[in-house]
Amino acid sequence: MHAPDYAALARIAMGHITQVYPHSGPQKLKSASDWLPPEQAHPLFCGSYDWHSCVHSHWLLVQVLNVAPQLAEAEAIRQRLLQFNSAAVAAEIATFERQGAGFERPYGWAWLLKLQAELLISNEPAASHAAHILQPLAMLVRERLMAYLPRLPYPIRSGQHNNTAFALLLALDYASSAQDQPLAALLHQRSVEWFADDVACPAWGEPGGEDFLSPSLQQAVLMQRLMARETFAPWLAAFLPQLAHGQPATLFQPVSVLERSDGKLAHLDGLNLSRAWCWFLLAQGGPHLQATAEAHLHAALAHLQDDYMGSHWLATFALLAQQAQRSLVSRSLSM
Numbered sequence: 092m093h094a095p096d097y098a099a100l101a102r103i104a105m106g107h108i109t110q111v112y113p114h115s116g117p118q119k120l121k122s123a124s125d126w127l128p129p130e131q132a133h134p135l136f137c138g139s140y141d142w143h144s145c146v147h148s149h150w151l152l153v154q155v156l157n158v159a160p161q162l163a164e165a166e167a168i169r170q171r172l173l174q175f176n177s178a179a180v181a182a183e184i185a186t187f188e189r190q191g192a193g194f195e196r197p198y199g200w201a202w203l204l205k206l207q208a209e210l211l212i213s214n215e216p217a218a219s220h221a222a223h224i225l226q227p228l229a230m231l232v233r234e235r236l237m238a239y240l241p242r243l244p245y246p247i248r249s250g251q252h253n254n255t256a257f258a259l260l261l262a263l264d265y266a267s268s269a270q271d272q273p274l275a276a277l278l279h280q281r282s283v284e285w286f287a288d289d290v291a292c293p294a295w296g297e298p299g300g301e302d303f304l305s306p307s308l309q310q311a312v313l314m315q316r317l318m319a320r321e322t323f324a325p326w327l328a329a330f331l332p333q334l335a336h337g338q339p340a341t342l343f344q345p346v347s348v349l350e351r352s353d354g355k356l357a358h359l360d361g362l363n364l365s366r367a368w369c370w371f372l373l374a375q376g377g378p379h380l381q382a383t384a385e386a387h388l389h390a391a392l393a394h395l396q397d398d399y400m401g402s403h404w405l406a407t408f409a410l411l412a413q414q415a416q417r418s419l420v421s422r423s424l425s426m
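Numbering (my numbering), first residue to last: 92 to 426.
Source of the hints: derived by calculation from the structure; they are not laboratory data. Note that CB positions come from ideal geometry on N, CA and C, so glycine has one too. No false leads were mixed into what you were given.
Label-pair distances were calculated between CB atoms; the ranges are:
| no. | residue 1 | residue 2 | range |
| --- | --- | --- | --- |
| 1 | G191 | E284 | 25 to 33 Å |
| 2 | M237 | D289 | 18 to 26 Å |
| 3 | A386 | E301 | 20 to 28 Å |
| 4 | A386 | V158 | 19 to 27 Å |
| 5 | L162 | R242 | 41 to 49 Å |
| 6 | V111 | N253 | 19 to 27 Å |
| 7 | H389 | E234 | 38 to 46 Å |
| 8 | A123 | A291 | 52 to 60 Å |
| 9 | Q338 | L127 | 48 to 56 Å |
Could you build the full structure based on these sequences and the hints that come with them?
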């Protein structure tokens, strides 16, 4: 078992959340005067190469603070959260308004809500401070998601940022932590409408060369989250009918990464990690899947800092995978 090295993961995230450049981020401009440098457009989340990576790196840090508050790195995390202020949030909101309804949809929205979910459940005063300050932005994102989901006629089944199942899965954490019943109901409704009747998933298009998510596995863990065990087991058997036989083989084999300095090609390290996360979750219903999860985790864990194109975001997905692994092992020991 690869126990999470919370200190090392925190150091990776702390090393880039305030590193502004290199930076990649869209800005819709009506004139040259509309352009703002990252520090002004996103005073809270201007580091980590892009906005959503900075947001989910903050989630990693809050998660570390919540599970390992005794670490030496925890004090730096507390100080970072205490730097959250209303003026910075107002500037972030102004950027969202300027960029329009589709800005960071849905990936960045989902991570912002997941960050807020982790802040809301924390016993740390610094996290409570950050949650209070961040709430207006969280509510803006929540309202945009509530407006967007009823208008989306079909789910987006991609292996990249616009994957619908992944966004719904993360948003469910916020709905739970915030006790937001209207949001929870909408997430459940749309998930069932889009995915509950799917059968015989071929997964023939996986993996794509720039994927960091598995559309098939993200859909499976979303339905696992929403369904009772006695309902989910037959659903999964119909969705992936050859699962017990290691088919489709493309989902069981860790992917190869040939170029880590190219940001898109480096996505494949993330695919191994996100697959590991999903396989560990799905292995709760069948231990034969655990070895597949461990193989995917092993394939990527040594490459978290090979190049900045990966190091600015991979640690988050490593933590997701290792948390799911730890939960699986704990469950097995308690049985």
